[in-house]
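Asker: Sequence:
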Amino acid sequence: MRQIKINSGSWQKDLEMVVTVIDEDKFKKSCEQINKFYSGDEYRADIHGSHEKAGFAMFCAECFQQIAFNNFKDEEWLTEQFDWSKDKGIDGYPSLDDMGIRIDEIEPWFIDSDDIEITG
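Numbering (the UniProt record's numbering), first residue to last: 1 to 120.
Hints listed in this document are in silico derivations from the structure and should not be mistaken for laboratory results. Mixed in with the good hints there might be a few duds.
[Claimed, not checked] Under the rule of at most 20 Å between Cα atoms (straight-line distance), these lysine to aspartate or glutamate pairs were calculated in the DMTMM-like manner: (1) LYS5 x ASP41; (2) LYS29 x GLU16; (3) LYS53 x ASP87; (4) LYS53 x GLU76; (5) LYS36 x GLU16; (6) LYS28 x ASP41; (7) LYS26 x ASP104; (8) LYS36 x ASP91; (9) LYS5 x ASP23.
Put together the whole structure using the sequences plus the hints.
Answerer: Here it is as structure tokens:
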């Protein structure tokens, strides 16, 4: 088992997620399939160095987007969003069990009304 820490500063806020890989074979195969599900897979593989890394980058981006637009949610809620057996699931992405991973931590992105600037 290994842990992967992911950071993204693209939202003008540093976001972090920690994922534990439980099954390396499932993880690698699933990440590659995620990338190949969408067009532009070769382009992303070139940018990230492999289909596996590109697919994992896409998965991480999806996780950050799910959390960013659903305030007050946690790792359990996020895990359920990928779970096809619970009448949920996200096109192009397997359940976390099928992917062989667990999300240990993800920082929520809460927009505080104090941070909103209004002019005019």
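Asker: Under the constraints set out in the numbered hints, which ones does this structure not fulfil?
Answerer: 1, 2, 3, 4 and 5
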